[in-house]
Amino acid sequence: MKKKYVMLYLIDRCIDCKACMVACKAQWEVPADHFRTHIDEREAPTRISNSRTYFLPSQCNHCDDAPCVHVCPTKASHKREDGIVLIDRSRCVGCKYCIPSCPYNARFFNEEAGVAEKCTFCLPRIAEGLKPACVTTCLSRTRIFGDINDPESEVSIVLKEAIKNKNKIWKLREDLGTEPNIYYIQS
Amino acid sequence: MNIGVSRRAFLKTAALSAAAVSLPLSIKATEKEPAKKMYGRKSSQTWCEMCFWGCGVTAHSKNGKVYKLEGQKLCPNNYGSLCAKGNAGVYQLYDPDRLKKPLIRVGKRGEGKFKEVSWEEATKYVADNLKKVIDSYKPRAVSLIAHGSGEHAFIKLMELIGSKNVAIPAYSQCMGSREIGWWLTYGAGFTGHEYGDGENAKCMMFLGRNVLESLQVGEAKKVINGLTKGSKLIYVDPRYSKTAAKADYYLQIRPGTDLALLLGMINFVIQNKLYNEKFVDEYCSGFEELKEAVKGYSLEWTANETDISPKDIADICYELAKAAPSCFIHPGRRLTRYGNDTQTVRAIGILNGLFGNWGYPGGFYAIQNPPIKTGEVCEVEHEEGCSCGRADGAGTDYKLAPSNLGRENGLFDAILSDKPYPVRAMIAYGTNFFQHYPNYETSKKIVDKLDFIVTCDIYMTETALYSDVVLPESTYLERQDPIVTQGDKYPFMQYREPATEPLFDTKGAWEISKMISEHMGFHEAKWKSIDEVNEEIIKKAGITLEQLKKDGCYVFPVTEGIYPQAEGKDLEFKTASGRVELYSGFLDKLGFDPIPKYERPKQAPIGQFRLLFGRMSYHTHARTQNNRWLLALHDYKVKVWINTKKAYELGINDGDNVVLRQGNKKSGILTAYLTDRIHPEAVFIPHGFGRLSEFMKSAYEMQGASDADFASNDVDPISGASAFQNAFVRVEKA
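Protein sequences appear in the order of chains Y and V. According to the working numbering, the first sequence is numbered sequentially starting from 1. According to the working numbering, the second sequence is numbered sequentially starting from 1.
Watch out, some of these pointers could steer you wrong.
[Claimed, not checked] Some, not all, of what chain V presents toward chain Y, calculated at C-beta under 8 Å:
no.	residue
1	Tyr-39
2	Glu-70
3	Ile-224
4	Thr-228
5	Leu-416
6	Pro-420
7	Arg-615
8	Leu-633
9	Asn-726
[What the hints assert, rightly or not] From chain V, some residues computed to sit far from chain Y (all C-beta separations above 10 Å):
no.	residue
10	Ser-81
11	Asn-87
12	Lys-124
13	Asp-413
14	Lys-539
15	Asp-654
16	Arg-661
Honestly, the hints are just simulated from the structure, not real lab data. Don't be surprised by glycine CBs; every beta carbon is placed ideally from N, CA and C.
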């Protein structure tokens, strides 16, 4: 079966240390004030104090039905067979349509290169058999990456386990029908 | 604010300023470039120096240019991970603000006028000036403050000079009270390598230790793993930090009252027989005295003092008791707070003793020491020595302060007062006292008293700015250092090789120290090469250099001894009684309370706040604030945490520009962060901002407040270490 790459976030583990953000920045020479991945804070009510903070990582969701791919006039933004949504820099004309089209705010404009930019699931790294930079450096093992079509992969095993344990599993803005490939898991 | 310099522009600047080194302009693999075309790739092993924890790092470079750092998989300090700081080491290496050439001051001190000189000239100038001070005032007039991997090089130089005035600020300005408090109770310090067995704990309690944000990667990993396995987390802090976000019990304590909470807990645990009777009988001394001494600290009294409800206090005692001995109460880390810090750690030690969390999985494990010692690059045939004693009171006025670490605060008192004798020269290695010694004005006075100051660093820090000579050190990615060994659950040794040629005209600490030593005429010192020393160590360890180079570290196998209590071995404590000293005979002899007693710390005057400061997970001390990758993580803003209600009373809204004020003194601009997650009596700022040196351009432009400029300079009477947080400030709109 074809490979299909996904990422899981075990959000109970995230401590918002931001190592993923800098690892990615270092790896891909992301322009000064931008990052390809972020961590947000969210509040949830709890019985212990008035509220509790959760840390939610985010990045490009590599959607199956990606709005950025639909709006791209030059097909620079395209969906690969392995599920990765990629921007072909040589085709990108910098029209920026894709940036507001993304419901996850995952894209930004790279002024220096004159192209739209975002997470690539570290395609050149995975081609070499490495894990994405954010996954490698994550000290809390919040991020798990792999081929969901391989039943033996870590993502498949962890996801199955989460379903069995009745963990809360969700994707961002599923109502939009973009079919994201990033899974949030909370026990 | 001119913060918008692009990454590429920065890389170009770095390339231009390193004209001597050929640097390719495009250093990254573009996303389309196939892997096999990437020639000239190399991996080098080192350990991280962005903080002092020493995570194993593999540096990847291409055509001589370092492009990515990754954690060494086997290194027990980090097991493959690097934090944000560690990942940002690449920026530090290519930071255009780095020191590039040796400098000799030509203007007034602090004016920022220097001339570039050769290494030969700079080190000779240092040697001549040190000799001048020695000739006028004896060798003891030379002092050293140092922190980092190269500190041993300058400690050697001090041995050659014959001065004992070496102060490592990690004692008096950071961990001193903790080490002494633990030593008094257990006969040994807690050591820099925290040995709480987080990954096996059933319950963990932290006070004075924001463990998931101060971020020693290895320690944080242990804690996270424990939490994932279901360990309870009790976290006590006036501020809801990122550790609090993971806690089962977050207790927002009134600042300054930790000791009250601990004494209340001790009493509750004894009264309700929640302690481990067998362990107390077998291994503890002074239980009856303790029981008597703490009986006044009732639940109600404790709740009233600490602002924590009686139910919460009782609940956490039950949680700990249920988990014991697979639990621990962490003794904190930077214990420079209210002046009662040694006794606070004593109380933590006592509480752990009552639960018997010693040498047991999930409690404290026994640190295993490596079977070999780190070698010395310089052998001194005969140390000049000095019968004069130290200037800082370590071992004399403060009997428990260890002389190998010294008291930096005591050293500065001696410099200012000429008592017990004049100290007129200072070598500062990798440390910047303007940012960790209270009050900029006092720091300037210290400078004025000194005939000669030399700083060895990678940036023009404030201390460098006020120095007579500035010696630029190569960063950890450009230099070699002797192999280091480290004790832990599994002891290990770490290897460092240069990942790149030095970008600028910089040298490693050993080389610099050797040059000064030669100019001073210490020809009896035998300086070996780092390779020679490493060869000896590797031979002793019975491994090969190739092995070490491959993984970057070597972990010694350990089969037993990590959990002596669980293994059924008798526990030994190196205290005078050979037991855990709940009652400290030693403190009694010295005239201190043998069992901690609570006294309310200084209170804030009306309209003022206690100034708390601490780490963010992405800055270390005052050394990473010039790193734009890290500054971008907090949007180039320095926030002050202030309680919402208090802020509204002052007419301050969230996001407003505000300043701290103390008397006539005013801080730089901070951004108000209004939150209920800080106790109303305190405000919090991150450490390391509010800089004076314009040469650290990004850090300088960030403004913010320097906690050091506002901190108190109280001293813990037992350990002789500082207490910074008895300082109070007003918050005003800018």
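Quick rundown of the hints versus the structure:
Of the supplied interface hints, the one on V/Tyr-39 is violated, with its beta-carbon coming no nearer than about 15 Å to a beta-carbon of chain Y, more than 8 Å. Residue-level restraint check for V/Glu-70 holds (minimum Cβ-Cβ distance to chain Y is 6 Å; threshold 8 Å). At a threshold of 8 Å, the smallest CB-CB gap from V/Ile-224 to chain Y is about 5 Å, leaving the interface hint in force. At its closest, the beta carbon of V/Thr-228 sits 6 Å from a beta carbon of chain Y; the interface hint therefore holds under the 8 Å criterion.
Below 8 Å, beta-carbon pairs count as interface contacts, and V/Leu-416 has none with chain Y, the closest being about 40 Å; its hint is therefore violated. Look at V/Pro-420: its Cβ only gets to about 46 Å from chain Y, farther than 8 Å, so that hint breaks. Checking V/Arg-615 against chain Y: minimum C-beta separation of about 11 Å lies over 8 Å; hint violated. Proximity of V/Leu-633 to chain Y holds as hinted, the smallest CB-CB distance being about 5 Å (cut-off 8 Å).
For V/Asn-726, the interface hint is violated, since its Cβ never comes within 8 Å of a Cβ in chain Y; the closest pair sits about 27 Å apart. Not every beta carbon of chain Y lies more than 10 Å from that of V/Ser-81, the smallest distance being close to 4 Å; the non-interface claim is violated. The beta carbon of V/Asn-87 sits about 4 Å from the closest Cβ of chain Y, which is not more than 10 Å, so the claim that it is off the interface is violated. The Cβ of V/Lys-124 sits about 40 Å from the closest Cβ of chain Y, beyond the 10 Å cut-off, so the non-interface label holds.
Here V/Asp-413 stays apart from chain Y, with its beta-carbon at least about 38 Å from theirs, past the 10 Å limit. With 10 Å as the threshold on Cβ separation, the claim that V/Lys-539 sits away from chain Y holds: the shortest Cβ distance comes to roughly 34 Å. At the 10 Å boundary, the C-beta of V/Asp-654 stays outside the reach of chain Y, the nearest C-beta of that chain being 14 Å off. Against the 10 Å criterion, V/Arg-661 stays outside the reach of chain Y, whose nearest CB is about 30 Å from its own CB.
The structure fails hints 1, 5, 6, 7, 9, 10 and 11 (numbered hints given earlier, in ascending order).
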